[in-house]
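Q: Single-letter residue listing:
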Amino acid sequence: MSSHPLAIHAENVTKIYRRFAHKRQFATLKSAILSGSLVRDLKADETFRALDGVTFDVQAGRTYGIIGRNGSGKSTMLKCVAGIAKPTTGKITVNGRISALIELGAGFHPEISGRENVFINGIMLGLSKAEIERRFDEIVEFAELAPFIDAPVKTYSSGMYMRLGFAVAVHVDPDVLLVDEVLAVGDEGFAHKCLDKFAEFRRRGKTILLVTHSLGLVERFCDEALWLDKGKVKAVGDPKRVIDAYVTEIEESEEAFLAAEDARARVRVDLGAGSSVPAHQAGEPEDGVTAGKVEAPADMFKAEAGRWGSGDIEITRVDLVGPDGATGHVFHSGESMTIRLHLTAKAAVNDFVFGIGLFNADGVCIYGTNTNIEEMSAQEIAGDGVVDFVIEDLALTEGTYKLDLAVHKLDGFPYDYHRQLYTFRVKSPVKDVGFFRPRHSWTFSPSVRLQRLHGPEGWRPHMKDDEPTA
Amino acid sequence: MFHNLRHLVRYRPLIQSLVTRELKARYRGSALGFFWSFINPLLLLVVYSFVFTVVLPGTHPPEIEPYALFLFCGILPWTWFSSSLTEASNSLMAGGNLIKKVLFPAEILPIVAVLSNMMHFFFGLPILLAFLVWFRPTITFTEVLWFPVVVAVQLLFTLGLSLILAALTVHFRDIKDILSNLLTLWFFATPIIYPMHLAPGTISKAVLNANPFSHFAVSYQEILFYEGPFGHWKWLLAVFVASVLLFLLGYFLFDRLRDSFAEEV
Numbered sequence: 416m417s418s419h420p421l422a423i424h425a426e427n428v429t430k431i432y433r434r435f436a437h438k439r440q441f442a443t444l445k446s447a448i449l450s451g452s453l454v455r456d457l458k459a460d461e462t463f464r465a466l467d468g469v470t471f472d473v474q475a476g477r478t479y480g481i482i483g484r485n486g487s488g489k490s491t492m493l494k495c496v497a498g499i500a501k502p503t504t505g506k507i508t509v510n511g512r513i514s515a516l517i518e519l520g521a522g523f524h525p526e527i528s529g530r531e532n533v534f535i536n537g538i539m540l541g542l543s544k545a546e547i548e549r550r551f552d553e554i555v556e557f558a559e560l561a562p563f564i565d566a567p568v569k570t571y572s573s574g575m576y577m578r579l580g581f582a583v584a585v586h587v588d589p590d591v592l593l594v595d596e597v598l599a600v601g602d603e604g605f606a607h608k609c610l611d612k613f614a615e616f617r618r619r620g621k622t623i624l625l626v627t628h629s630l631g632l633v634e635r636f637c638d639e640a641l642w643l644d645k646g647k648v649k650a651v652g653d654p655k656r657v658i659d660a661y662v663t664e665i666e667e668s669e670e671a672f673l674a675a676e677d678a679r680a681r682v683r684v685d686l687g688a689g690s691s692v693p694a695h696q697a698g699e700p701e702d703g704v705t706a707g708k709v710e711a712p713a714d715m716f717k718a719e720a721g722r723w724g725s726g727d728i729e730i731t732r733v734d735l736v737g738p739d740g741a742t743g744h745v746f747h748s749g750e751s752m753t754i755r756l757h758l759t760a761k762a763a764v765n766d767f768v769f770g771i772g773l774f775n776a777d778g779v780c781i782y783g784t785n786t787n788i789e790e791m792s793a794q795e796i797a798g799d800g801v802v803d804f805v806i807e808d809l810a811l812t813e814g815t816y817k818l819d820l821a822v823h824k825l826d827g828f829p830y831d832y833h834r835q836l837y838t839f840r841v842k843s844p845v846k847d848v849g850f851f852r853p854r855h856s857w858t859f860s861p862s863v864r865l866q867r868l869h870g871p872e873g874w875r876p877h878m879k880d881d882e883p884t885a
Numbered sequence: 005m006f007h008n009l010r011h012l013v014r015y016r017p018l019i020q021s022l023v024t025r026e027l028k029a030r031y032r033g034s035a036l037g038f039f040w041s042f043i044n045p046l047l048l049l050v051v052y053s054f055v056f057t058v059v060l061p062g063t064h065p066p067e068i069e070p071y072a073l074f075l076f077c078g079i080l081p082w083t084w085f086s087s088s089l090t091e092a093s094n095s096l097m098a099g100g101n102l103i104k105k106v107l108f109p110a111e112i113l114p115i116v117a118v119l120s121n122m123m124h125f126f127f128g129l130p131i132l133l134a135f136l137v138w139f140r141p142t143i144t145f146t147e148v149l150w151f152p153v154v155v156a157v158q159l160l161f162t163l164g165l166s167l168i169l170a171a172l173t174v175h176f177r178d179i180k181d182i183l184s185n186l187l188t189l190w191f192f193a194t195p196i197i198y199p200m201h202l203a204p205g206t207i208s209k210a211v212l213n214a215n216p217f218s219h220f221a222v223s224y225q226e227i228l229f230y231e232g233p234f235g236h237w238k239w240l241l242a243v244f245v246a247s248v249l250l251f252l253l254g255y256f257l258f259d260r261l262r263d264s265f266a267e268e269v
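Listed in order, the protein sequences are those of chains A and B. So my numbering is basically just the index in the first sequence, starting at one, shifted up by 415. So my numbering is basically just the index in the second sequence, starting at one, shifted up by 4.
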């Protein structure tokens, strides 16, 4: 341990909440009055453990991030540190003046002016009247509200309200600043100002405890990170390492979720699978081109997830294979992905086309092709077989995608058509937009200078040196 | 508990500014603004005087004349008391956002409710003064010195009860509705529209004596309405002792339930 003094010391903090039920109000009241504990007289199934033996230390002057999924106890932890909630057991000590950015403008009264609210809010947060007077102009300027400061707060837009709340809270000049996911305040410009303010706090050696879902923020700002999972500490330490562990677990659970969803989708369609072909789908040659169902008529786009076809050739299984050879549902942008179709033909068939369609989450077709379009002529399929569709570089942005997979006759008559039954997620460290990411690079003349930011979620341009030296 | 109580002194500026805010916000946007603090008790007085002198004449004995002044002595402090309790019992719910999101000593909310209503009570006093000058120019100075004493005791009593009600209402919302009805009953069980000595029989006398607010009302009436020196001080002393105990009990209860507020509000 370093010799820095501790700003926050939390030891074995457990917080138990009463599950909401009307009946046991009296038990809560009675035990609160008699024993000073809210939950002592409650049975285990009437309580909820929001925090379970959490221990951590924050050294003075450090920026500390708490991450975790919804309901993992992050905000409860912050409230306990702020003193708003009291731990059921365990203890927390905080050295120095605290300011908690938990809800901005929580104490504003709508009927009175912004000016009066600044004073009252400031006093609430622990400033004296003289201190507020000294900082008043700075607060108003920071909130960008000078023309409206004498109007009642009820006339403010929600953005103005939040900005004023934020401005007051950061001008309290605390030793320990607690921040709960409040950076989504105002427009881009204001968000930057907030970040600058945090940076200033850091420079001045203040301690910041940050609860957020923005992993990029934690990675860029924090000296240390804590990962809470179901009220317990899952990992603590270097932000990069903690975030990596966290992201991996998120992917695993997403994987499980997508696998379950896929299974459900298939169970749904298997009830009618292999039966006769729906009338409107049956063979409708389109301009002599059998582009398959990927470029199907308009009603195809409205078609729900499902499965249809004669079953002469059957797609028995589909695997999505990652670069490591393992099947899964979560892939990374830029890596390879193989769509593997397992097929069975009841009898030898010589008229067949394999087709594939890629859709985004809204059901918009991003890409479609088939073996006929790519000028492959079917010869014969008999018995079992495997078809691999190999995507070497998954040139997609982050998001959820769905697949159409089909085997049909040249004229479009379906043997087995799987409509959007397969879902996968693409993850990307770069948060570019759209869905297609062309392989690209940036080059700049010597007079244009940019600095590369490191970190998985920072804005990271693909520069020349990104490319593997071939 | 006493640690917290001492702590409260540090929050005096906050209480001050919250009371000011409460007063400002209440009349913000109304044409007459602060004048309502004068007009409200005056109108109340007009209604009661009209009912008991024109609609139901002869319901009060002739010795309590001018009846309007007699009424005013009781109604003004009663309004302070009853609206304090009503507002205080709801104060934690109304200020839920503060309790849940800001580090904030919750007892400030009921205290502000009581104090802002006390300010309204003070704003009504000039009218009472005008009545006194008009009807009772003979009032003695030493008698008036008792007035702030009674106000102080009533403040302590109201604070104690407000803390209890505020804390319990968080757990039992029913209290809000029970309270409004109970206050109506309490009003009529207090010698405000009738004099104390008019109570028939020993039982009703005992009930009136057991009602702490009777002694506030009688004290105000003795000081401001009746001639002669203030003779009710023994009862006032008893009520003062009771008020101290009530305040301590109220604060203890509030302190014990403090941690539940952020969760139950």
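Among the hints, a few may not be true.
[As the list claims (entries may be wrong)] Below, in silico cross-link-like pairs of lysine-lysine (DSSO-like), each with a Cα-Cα straight-line distance of 30 angstroms or less:
#1 A:LYS655 x A:LYS842
#2 A:LYS544 x B:LYS28
#3 A:LYS569 x B:LYS238
#4 A:LYS445 x B:LYS104
#5 B:LYS180 x A:LYS501
#6 B:LYS238 x B:LYS28
#7 B:LYS104 x A:LYS506
#8 A:LYS608 x A:LYS655
#9 B:LYS180 x A:LYS445
#10 A:LYS647 x B:LYS180
#11 A:LYS501 x B:LYS104
#12 B:LYS104 x A:LYS544
#13 A:LYS506 x A:LYS569
#14 A:LYS506 x A:LYS608
#15 A:LYS569 x B:LYS180
#16 A:LYS544 x A:LYS612
#17 A:LYS501 x A:LYS649
#18 A:LYS649 x B:LYS104
#19 B:LYS104 x A:LYS612
#20 A:LYS655 x A:LYS506
#21 A:LYS569 x B:LYS209
#22 A:LYS761 x A:LYS824
#23 A:LYS645 x B:LYS28
#24 A:LYS608 x B:LYS28
#25 A:LYS506 x A:LYS445
Just so you know, these hints were derived from the structure itself, not from any lab.
Q: Looking at the structure, which of the earlier hints fail to hold?
A: Hints 3, 6, 10, 13, 14, 21, 23 and 24 contradicted; others consistent.
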